[in-house]
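> Sequence:
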Amino acid sequence: MSDVAKAHTYRPDIDGLRAIAVLSVIIYHAKDTLLPGGFLGVDIFFVISGYLISKHIASEVTERRFSLIEFYRRRIRRIVPMMLTVVAATLVVSLFFMTPEDARAVAKSAVWSIASMANIHFWRDLDTGYFANSSAEIPLLHLWSLGVEEQFYLIWPLILMWGVRWIRPVALLALMAILAGMSFELAARTFPTDASFAYYMLPTRMGELVVGAIAGVAAVITPWRLSPVAARVAGWTGLTVVGVCLFAINAEDPFPGWSALAPTVGAALLIIAGENRHRSIPGLASRPMVFVGTLSYSAYLWHWPLFAFFRYGYGEPGLVACLALIAATLLLAWISLEWVERPTRSTTLAFAAVFRRQFALPAAAVVLPALVVIYAHRIGVPLASDTYLSQLAAVKELTRPAFTHDWVCQRQRLEEADLANPKCVLGSPEANSSEVILWGDSNAAHYVPMVKAFADHAGFQFRNVAVGACPPLLTDPTPYVDARRASDCIASSELVRNHFATYRTVILAAAWASYVSRSAAFMDDLERLILHLQSRGQTVVLIGNAPIISTFDRRCREKALRVPLRHCDVSDVPLTSDVTDVNQRLRALTAQIRNARYFDGNGFLCPENRCAQLTLDNKPRYIDQSHLSVAGSSEMGAAILKSEGIPEAFKWSEK
Numbered sequence: 001m002s003d004v005a006k007a008h009t010y011r012p013d014i015d016g017l018r019a020i021a022v023l024s025v026i027i028y029h030a031k032d033t034l035l036p037g038g039f040l041g042v043d044i045f046f047v048i049s050g051y052l053i054s055k056h057i058a059s060e061v062t063e064r065r066f067s068l069i070e071f072y073r074r075r076i077r078r079i080v081p082m083m084l085t086v087v088a089a090t091l092v093v094s095l096f097f098m099t100p101e102d103a104r105a106v107a108k109s110a111v112w113s114i115a116s117m118a119n120i121h122f123w124r125d126l127d128t129g130y131f132a133n134s135s136a137e138i139p140l141l142h143l144w145s146l147g148v149e150e151q152f153y154l155i156w157p158l159i160l161m162w163g164v165r166w167i168r169p170v171a172l173l174a175l176m177a178i179l180a181g182m183s184f185e186l187a188a189r190t191f192p193t194d195a196s197f198a199y200y201m202l203p204t205r206m207g208e209l210v211v212g213a214i215a216g217v218a219a220v221i222t223p224w225r226l227s228p229v230a231a232r233v234a235g236w237t238g239l240t241v242v243g244v245c246l247f248a249i250n251a252e253d254p255f256p257g258w259s260a261l262a263p264t265v266g267a268a269l270l271i272i273a274g275e276n277r278h279r280s281i282p283g284l285a286s287r288p289m290v291f292v293g294t295l296s297y298s299a300y301l302w303h304w305p306l307f308a309f310f311r312y313g314y315g316e317p318g319l320v321a322c323l324a325l326i327a328a329t330l331l332l333a334w335i336s337l338e339w340v341e342r343p344t345r346s347t348t349l350a351f352a353a354v355f356r357r358q359f360a361l362p363a364a365a366v367v368l369p370a371l372v373v374i375y376a377h378r379i380g381v382p383l384a385s386d387t388y389l390s391q392l393a394a395v396k397e398l399t400r401p402a403f404t405h406d407w408v409c410q411r412q413r414l415e416e417a418d419l420a421n422p423k424c425v426l427g428s429p430e431a432n433s434s435e436v437i438l439w440g441d442s443n444a445a446h447y448v449p450m451v452k453a454f455a456d457h458a459g460f461q462f463r464n465v466a467v468g469a470c471p472p473l474l475t476d477p478t479p480y481v482d483a484r485r486a487s488d489c490i491a492s493s494e495l496v497r498n499h500f501a502t503y504r505t506v507i508l509a510a511a512w513a514s515y516v517s518r519s520a521a522f523m524d525d526l527e528r529l530i531l532h533l534q535s536r537g538q539t540v541v542l543i544g545n546a547p548i549i550s551t552f553d554r555r556c557r558e559k560a561l562r563v564p565l566r567h568c569d570v571s572d573v574p575l576t577s578d579v580t581d582v583n584q585r586l587r588a589l590t591a592q593i594r595n596a597r598y599f600d601g602n603g604f605l606c607p608e609n610r611c612a613q614l615t616l617d618n619k620p621r622y623i624d625q626s627h628l629s630v631a632g633s634s635e636m637g638a639a640i641l642k643s644e645g646i647p648e649a650f651k652w653s654e655k
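The opening residue of the sequence shown carries number 1 in the working numbering; numbering runs sequentially from there.
None of these hints come from the bench; they were simulated from the model.
Watch out, some of these pointers could steer you wrong.
[Stated by the list, open to error] Below, in silico cross-link-like pairs of lysine-lysine (BS3-like), each with a Cα-Cα straight-line distance of 30 Å or less: (1) LYS651 with LYS396; (2) LYS396 with LYS423; (3) LYS619 with LYS642; (4) LYS423 with LYS651; (5) LYS31 with LYS108; (6) LYS108 with LYS423; (7) LYS619 with LYS396.
Just need the whole structure built from these sequences, with the hints factored in.
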């Protein structure tokens with residue numbers, strides 16, 4: 001996303017590569033299944049940035065005319081005005097379109113973004129819990145990449161101006177390659193324990209910028225030049241590698257790390273192939289590609305807030321909405337190019353004037369109102385009327401996740417204290433609290449009110465422990481979970497296993513259909529767990545997968561208080577085949593194992609295979625597409641007790 005002085009150094013093929021990068025990102029954010037690795041467009045931008053600024057610095061250093069002040073003057077002209085424009089517009093829209101809490105979060109991210117630390121903010125403060133607001137609805141999330149670049153610009157010129165002057169060319173390039181490798185290795189090592197750091201932070205992303213920097217520096221300080229044939233080979237190889245990666249890599253893969261090497265090297269090969277005016281890839285420097293490339297910076301900045309606001313207000317965009325959002329992105333990008341980017345980049349003002357006019361004053365004009373929004377609740381500035389706030393509080397209480405109650409013990413990672421916490425034990429006070437445990441993921445947590453109703457009626461107590469997005473297994477859960485959750489899942493399962501001997505009955509509940517869809521081997525691993533417990537003389541109860549309401553939006557009612565034309569669909573939906581299929585397999589599995597039993601309440605939730613979204617007193621039965629509300633779970637428990645008494649699966653008798 002960087003730029004250098006045009007003149008004779010202008011490379012139209014790089015604008016073509018920018019077009020590939022920005023279109024990949026936009027397509028991915030419109031519909032990720034169309035281009036699973038479209039997010040790699042950001043990494044291509046990093047390579048381009050590293051190449052352009054490093055080539056520029058190396059060239060000026062060798063000619064003894066490099067000025068650090070002039071470098072930062074160009075960076076401000078190129079980056080800041082457009083960024084401030086988008087941040088300001090996003091902040092204004094959030095105040096009228098989002099809840100006060102969400103608008104406050106936007107304001108906070110705006111301040112961090114203007115301080116060139118958006119990536120640090122999202123690493124530290126972004127809520128990645130299962131019930132957190134979707135990251136696709138955070139309007140300024142994409143500015144993390146700008147934070148990485150801006151931090152790189154602070155340190156890289158200092159390193160490079162010294163290296164070019166004092167280190168031999170081959171040694172310098174070798175040291176840069178080592179630095180890039182260290183960054184990739186750090187990302188790979190950090191990812192399992194702190195995936196957010198690996199994704200958002202400069203030390204783990206620097207390798208991608210340095211790969212581009214190697215290409216830029218080599219073009220200046222070495223005599224190596226590709227022949228036309230070699231350039232064509234490099235270009236087509238680079239294009240092939242980038243193309244394959246855009247389809248082969250997806251968001252569930254461990255990334256970044258060494259997996260980022262292939263797409264960044266592919267992008268670097270495309271850049272190297274275009275040195276010395278080679279036209280190794282027909283069409284890359286064509287007018288349409290160059291046109292989109294010139295819009296790429298503004299398009300990147302505008303596209304994400306547009307999609308985020310749409311998803312926030314109206315859910316996942318369909319085909320027509322996606323096309324409209326892409327058209328709006330390109331239109332805004334063109335307007336911004338003509339009215340913001342080109343005028344501010346063409347200024348001849350000195351550094352002090354540029355800093356004052358294009359950064360300090362406009363930044364203050366955005367930061368000060370943002371701070372008012374952030375601290376409005378402390379300084380008595382109302383962001384909404386009392387009537388609206390009362391309505392909002394009432395609506396939010398209806399879709400409050402089960403785990404927000406202190407008696408529902410769902411964690412991101414279990415600790416020893418969770419297995420001893422008295423608040424996690426529910427049921428009849430006269431019963432033995434150490435005989436029954438309910439274990440699983442967030443689906444186990446949403447069944448706690450139902451199981452409590454059974455326990456109160458039948459006279460038993462149970463401890464509940466749940467780990468978000470982690471299946472209840474004794475074997476390695478890695479094939480069935482997001483790589484970011486693997487270490488928490490493994491540690492939590494080990495902890496529960498160490499406490500199994502305490503319990504006579506183990507109740508298991510989870511998003512079974514989700515895990516089975518990841519790998520057919522899941523049922524075999526689940527069977528191993530049940531057989532292990534059965535061999536110890538323990539009773540196992542499997543609770544089936546709850547119905548999935550794909551049209552349900554847990555925040556629809558609260559958003560509808562502000563979002564115009566927002567309609568919340570509460571009509572009945574059919575019970576999906578993936579749920580019925582996995583539940584049939586669970587029932588068949590327990591039928592084959594002594595002391596194993598199966599239960600689900602889907603007959604109550606979906607009579608005649610039609611699932612209601614509201615309870616009998618018109619409260620939301622769900623809090624999201626696959627999790628029951630406390631009211632829905634409690635209602636189900638009470639209704640089952642009233643109609644048939646304690647289910648057989650909860651009578652603890654041998655089969």
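> Evaluate each hint against the coordinates.
Each hint tested on the structure:
Under the criterion of a C-alpha separation no larger than 30 Å, the hint pairing LYS651 with LYS396 is inconsistent with the structure, at around 36 Å. Only pairs whose Cα atoms come within 30 Å are accepted, and LYS396 paired with LYS423 is accepted, the gap being roughly 24 Å. Pair hint LYS619 plus LYS642 holds up; C-alpha atoms about 20 Å apart against a cutoff of 30 Å. With a CA separation close to 24 Å, the supplied pair LYS423 and LYS651 stays within the 30 Å bound.
For the proposed pair LYS31 and LYS108, the alpha carbon gap of about 28 Å is at most 30 Å, so the pair holds. Restraint check for LYS108 and LYS423: the C-alpha separation of about 35 Å exceeds 30 Å, so the hint is violated. Between LYS619 and LYS396 the CA atoms are separated by roughly 11 Å; this keeps the pair inside 30 Å, and the hint holds.
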